[in-house]
Amino acid sequence: MTVVTGVTCPVCGTFCDDIELVVKDNVITDVRKACAMGAAKFLNYAAHRNLKPLVRKNGELVETSMDEVVERAAKILADANYPILYGWSNTSCEAIRVGLELAEEVGGVIDNTSTVCHGPSILSVQDVGIASCTLGQLRHRADLIFYWASNPWSAHPRHIERYTTFSEGRFQKSAWKGYLSSLRGVLSIKRLQRAANLVLRRDVFAAPKIERRLPYTMFQKKRKMVVVDVRKTRTAEAADYFLQVEPNKDYELLQAFRMLIRDEELDVDEVAGVPVEILEEVADVMVGCELGVFFFGVGLTMSEGKLRNVDAALSLTRDLNQRTKFLIMPMRGHFNVTGANVVFTWQTGYPYAIDFSHGYPRYNPGETSVIDILCRDEADAGLIVASDPVAHFPRMAAQNLVKNPLIAIDPEVTPTTLMADVVFPSAFVGIEAEGTAYRMDHVPLPLKKIVGPPKTCLPDEEILQRILHKVRKLRGSQN
Amino acid sequence: MDIAIKDGKIVRKVEEKRAEVVDASGMIVMPGGVDIHCHIAGAEVNSGRLLRPEDHVKDVEAKTALTRSGVGYSIPSTFTTGYRYSRMGYTTVMNPSMPPLEARHTHEELDDTPMVDKATYPLLGDWWFVLEHLRDGLIEECAAHVAWMMSATKGYAIKIVNPGGLEAWGFGRNVESLDDPVPYFNITPREILRGLCKVNKLLNLPHTIHVHTNNLGKPGNYLTALETMKRVEDLAEGNQPAIHITHCQFSAFKGSDWRTMSSGAEEIAKYVNHHNHVTLDMGQVIFTDTTTMTADGPFQYGLYNLTGNKWVNHDVETETSSGIVPFRYKRKSAVHATQWSIGLELALLIKDPWKIYMTTDHPNGGPFTAYPKIIAWLMSQVARKKTLSKISKRARQRSLLPSIDRELSFYEVAVVTRAGQAKALGLKQKGHLGVGADADVAVYNVNPEQVDPSKKYKTVRKAFKRAAYTIKGGEIVVKDGQIVRPVFGKTFWIDVKTSLPMEVNADLKRKFREYWTVEYENYPIPNRFLHVPAPIPVKAEV
Amino acid sequence: MPKLKVSVLTGRTINQGRGKEYGKLSKEYLESVTICQMDPNDMKFLEVKENTNVKVITDFGSVVLKAVKSARAPHPKVVFIPYGPWASLVMNPKTHGTGMPSLKGISAEIEPAPDEKVLSLQNLLIQFRKEERT
Amino acid sequence: MPVEAECISPDVFAEKSADEIAMLQIWEGNRKRTLSDLFKIKHGAGSSSEKFTIRICGDVSKVRKIGAKMSMGSIIVEGDAGMHLGEEMNGGVVTVTGNADSWTGSMMKNGTIKVKGNAGDYIGASYRGSTQGMSGGEIIIHGDAGYEVGCFMRKGLIKVYGDVGRFAGIHMRNGTIFIQGNSEGRAGAQMIDGKVVVCGHIPSVLPTFIIDDTRPKVKVNGEEVEGPFYLFIGDLAEEGSGKLFVSKAKNQHLSFYEKYL
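Residue numbers (the numbering used here), protein chains in the order written: chain A, 61 to 539; chain B, 134 to 675; chain C, 101 to 234; chain D, 14 to 274.
Accuracy of the hints is not assured; some may be wrong.
[What the hints assert, rightly or not] Derived pair list, reagent style BS3-like, types lysine-lysine, alpha-carbon separation capped at 27 Å:
id, chain 1, residue 1, chain 2, residue 2
1, C, K169, A, K309
2, D, K75, A, K463
3, B, K191, A, K233
4, B, K463, D, K75
5, A, K292, C, K155
6, A, K237, B, K644
7, C, K149, A, K309
8, C, K166, A, K250
9, A, K463, D, K168
10, D, K272, B, K465
11, B, K191, D, K232
12, A, K309, C, K105
13, A, K233, B, K642
14, C, K103, A, K250
15, A, K250, C, K155
16, B, K403, B, K591
17, A, K282, B, K644
18, D, K168, D, K53
[As the list claims (entries may be wrong)] Listed next, the stretches of chain A that the computed footprint assigns to chain C, with coverage defined by at least 3 CB atoms under 8 Å from CB atoms of chain C:
id, region
19, 100 to 112
20, 398 to 408
[Said to hold, decoys possible] So these bits of chain C aren't anywhere near chain D, every CB distance computed over 10 Å:
id, residue
21, F145
22, E147
23, S162
24, G197
25, E211
26, I226
These are computed hints drawn from the structure, not numbers from a lab.
As the structure is a computational prediction, the values presented were derived from the model and not from experiment.
For every residue, glycine included, the Cβ atom is placed at its ideal position computed from N, Cα and C.
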């Protein structure tokens, strides 16, 4: 039995690197320090996995040899006039580098999952820029933390404890104790409510009563957390203040703040369902902080307004730097979606949605992005790496994806591998294969090999190399 | 005269019958070009790429049988960067600003930058360990930490950017002078500079400290530049340089505001001409649309306020910061045109070409692809006059260029574009064609016996734009400006051997979780991580 | 039969996050993503109890899910569905030139469907192929 | 399969024989093709280049960049046209009898684009990351237009007789956008200058606009449009001074603004 320390967690964008694993004869038997998602991954990753290469023969997926799947995959890609190569945010940068070379070789479109995640954020960064930092900067200095349309408690469970409100920094102390005491208050209220419900035999859910003032704690000189969201989340309950915004109204709210922090007045009494007095007080808190930060989630990029919601958030942050120091960061989902953007960008100049069909990289999300291409039914083949579009794309896109020849490289059995025509069983990167990945704040960290993969499962990088090699053979191209 | 090459090295002679012969008669043969300061890889450069699709779309390179595709203009993609340097006869490039925490990123990109040897400088001027140890006068401990950092990040030299200012920027502030204390750390930029200069000596690093001065890009800052050089005067040994002031043009502004801004090149040149402890590079400005990027967060924010252009900021915990702003240098802007003039004035007024090197601080002053233009300006008064006639009247009247008739010879150009840079970097096997040197050779199709660069500067420009041959490590990689053989370059890093790393590690380990958000064991980059690592062992005094 | 006009939000939940790591075919995953979190008062209005099936209908498709009380009510006329193949059935594929479909704040109609079954993953996919062949 | 045919432009066709035109290169997905692979080409009587006309019959809704960079003559598409129609065009006239797709007239400098049917998103817009949108000329859409009409527009006129999606005039620097029908909202968002006229209904006006006046009518390049209109100034978040005209009659719900007049 051995204990491996300093393991990076290949699940979410928080990309914790302090995990401890207990390994006994090539099996992970215990996980320390990880969150529920991380633990589930390390202990159960092998439960439903692809172990053999598969090809679809008259409708059914049947086991075959690695050579045959490589052959089949290479043929599909070499013959395609407009193939899609999609996924990439759950694999290593090393594999992504090969993926880009393959996409270039076959003149395809390569896109990563940020296209349905923070793609719009990237589009607005390209319009206005972004004032950001690494997470440690915030752990040390941030005294005002906003989680806007994001719910780290559920999606990035250790984010608050490692990097923000409940972390210990050089210039800012953890707000954990304060939270505990306030928590007791909240719980007792809930208890009373439940009691009342029993007595009165009905649900008394006080209609959202709108406070006209912020709680006094918001004006104290201490680390504060504010949550802005369309619904009260676990994170919101932990916050010093929860600002509930009407669905699809974030844009108005953010733009209003841009005026309020310049001490300008509005012609309206209410924005996105929030009285302006409140907004003015929140604006004062923003301007008054030592260092503030907005963490924003896909709540902004997926709701009405999309890139322009983020545009407004980035602009607000920039404007705030006229009065104090303020920074902003998207809450990236997959553990290496940031790495996918980074590698795409250094090799091609563009972070996602790259069209190689003319022999050089072209970029225009909305035109060269995978959802649009599928909805317009333009692709004639697909290669999916460590991603599950069949499960997560809108029905129409998913259907147009599965009707063409589909290649899947994935360690797990997913709706996508079930619908594919060629399936490569791969090793779990970060557990069975090493590599590099980028944390949501662009800090690169090593993915480690903890246990050996089954003999039939190769790392994504090697699988892609074999396909690339085969494609070049088929096309007889010189390089 | 013949040059013999064998096994990637220059040798006395080879068996001619069995050797491949390159006929360079009527051409200029030089060592491969060496660039001491160009931002080509890493977090900051890549954020610049991400920020500017509109910059890429106008300049693309399609895939060929031998080369990868990519995009160009002001921040080329990695492959294109390598190809374009190689086509100009360059074989060694130095990436000057690497946030240590993000070193892996820089090296991943350098590995995807083909054709050239490379190295990169970690940013250490605002690292908490440096600030604290120097504040407490613990020079040797500081040196040991820097040594650890060099091998942890696979770095080559100590990079200092706006010392103290970047830490202050953590809370949105800056330092105004060399004696302005750094908030919360009670140490001054002067102490940081002197301290790291001593550390550099203790560690016997091949290059000097590589300094981007305080107050960069502010009128009147030529005084800060002079101060900076004077502060380390007494630390110099004999004629050995002790400090490199990079992209000096940006630190050579006279005047009290933008309206009165003028050139401080004369004063700086005067000082440099009388002292031997300083080397400089130009940071020449080109009239074009480019992308500015430095680790100088506060400077970049100022640039945003000036232009209103899109702005990227990226602060790095316990270490450094950085910023990016797209920028267009206009001929008709008095300030921009004066900057253009300053760069050339420095190169021409500093008598010894071994003290000042040609750079654009790519992409800050303009993309490196403009080097042939600069060579033409340096070699021809006519070329300078031609540009002068097109720039802002105010700038022209203030410019010292009309009064300067110096024109660099081909020999001097070879010094400012390779020999001098290699010497300053301590790359003994680069920058010359002597026996034992790396077989990195550039052949340019211009005949010095027949062509007068002063008049025929266009011919010269053309020749330097597309090398007739580039030979890298003994292999012909470029012919007539075309890549004929793609190769990887080496990555140099300094493997400092100190006698006291043990307790340093203990101290580091103790503070690690406190200072950073990553684990101690995940920070250092293993040598095997690099594509073609070339560690240079150095024995330190500590 | 009562109907209710609502706004559909989709997103991550800790259970979906865990379930995903147990595997897409696991019971944990199925149970974590085939639910529709509703405001108790809306459930009252629709006369559905905890774990009664409801049908969510948008311009882009419909799906049967298990109604569960939201732990963080009140949020009248807003329902929440975790990411997954089921949520995808009712998403808005329009990207308006941004590459990003609309996955939050989709207007929908919701009605009780006590007699309809929640599709199993296999059946959901089979139906996929059938539709795409025709 | 997407087809890209930047060569379909009077500037390219003029002074070329039918055979030369037939051999012009286009892209179909990642394969190089010639124009004749996909089109039957008939050469009419060679007219002078100013009046040179290209007539396209049939469905070219997958063909992108028709008329891109053209500077003279005219193109008539009988049917639907693909994306980037008349992109960066500098003169001449493009007419589409059916629908046009997204990025129609993006970055155009001069000339006229007429679309009888509907158009997609980003009409007259800039390229990603650039602030150089449409800088001259006219785009006239008789049907509806999508989101972000006139994104980063600098000069010129966009007329939409139908409805528009959200963010018409986003980041607009100058120029005029006229909307006969309804707006889905957020018209004039982050505009710095220029004029947006909404004759139909708009759900709300952004809180970062202030009401300035009511006007009986408004001028849209020369011709007068009867109102009355509310005149809003914004986008103040960008410290902009753009003009947003909104029909008074169709937007009674905005009457509360009148208390500030």
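Here's how the hints hold up against the structure:
Using a Cα cut-off of 27 Å, the hinted pair K169/C and K309/A holds, with the two alpha carbons roughly 25 Å apart. Restraint check: the Cα-Cα separation between K75/D and K463/A comes to about 20 Å, which is no more than 27 Å; the hinted pair holds. As the CA atoms of K191/B and K233/A are separated by approximately 49 Å, the hinted pair breaks the 27 Å bound. Restraint check for K463/B and K75/D: the C-alpha separation of about 41 Å exceeds 27 Å, so the hint is violated.
Between the alpha carbons of K292/A and K155/C the distance comes to roughly 24 Å, so the proposed pair stays at or under 27 Å and holds. A threshold of 27 Å between alpha carbons decides the hint, and for K237/A with K644/B the separation of about 24 Å falls inside it, so the pair holds. Between K149/C and K309/A the CA atoms are separated by roughly 31 Å; this puts the pair beyond 27 Å, and the hint is violated. Distance restraint check for K166/C and K250/A: the Cα-Cα separation of roughly 25 Å lies within the 27 Å cut-off, and the hinted pair is therefore satisfied.
At roughly 45 Å between alpha-carbon atoms, K463/A and K168/D are farther apart than 27 Å, so this suggested pair is violated. Our distance criterion of 27 Å between C-alpha atoms is broken by K272/D and K465/B, whose separation comes to about 49 Å. For the hint pairing K191/B with K232/D, the CA-to-CA distance comes to about 38 Å; that exceeds 27 Å, so the pair is violated. Proximity of K309/A to K105/C is assessed by CA-CA distance (about 18 Å); at most 27 Å being required, the pair is judged to hold.
Distance check on the hinted pair: K233/A and K642/B sit about 21 Å apart at the alpha-carbon level, within 27 Å; holds. For the suggested pair K103/C and K250/A, the alpha carbons sit about 30 Å apart, so the restraint of at most 27 Å is broken. Only pairs whose Cα atoms come within 27 Å are accepted, and K250/A paired with K155/C is rejected, the gap being roughly 31 Å. The hinted pair formed by K403/B and K591/B fails the criterion: a straight-line CA distance of about 31 Å is larger than 27 Å.
Between K282/A and K644/B the CA atoms are separated by roughly 24 Å; this keeps the pair inside 27 Å, and the hint holds. Distance hint between K168/D and K53/D is unfulfilled; the C-alpha atoms sit about 38 Å from each other, more than 27 Å. Judged by the Cβ-Cβ criterion of 8 Å, the region 100 to 112 of chain A is covered by chain C as claimed, because 7 of its residues qualify and three suffice. Remark: the region 398 to 408 of chain A is not confirmed as covered by chain C, as 0 of its residues place a Cβ nearer than 8 Å to a Cβ of that chain, below the required three.
Distance check on F145/C: its Cβ is at least 26 Å (rounded) from any Cβ of chain D, clearing the 10 Å threshold; non-interface status holds. Non-interface status of E147/C relative to chain D is upheld: no Cβ of that chain comes within 10 Å, the nearest being about 32 Å off. For S162/C, the condition that its CB be more than 10 Å from all CB atoms of chain D holds, with the nearest at approximately 25 Å. Not every Cβ of chain D is farther than 10 Å from the Cβ of G197/C; the closest lies at roughly 4 Å, contradicting the non-interface assignment.
For E211/C, the requirement that its beta carbon stay farther than 10 Å from each beta carbon of chain D is met, with the minimum near 27 Å. Even its closest Cβ contact with chain D, about 29 Å, leaves I226/C beyond 10 Å, as expected for a residue assigned away from the interface.
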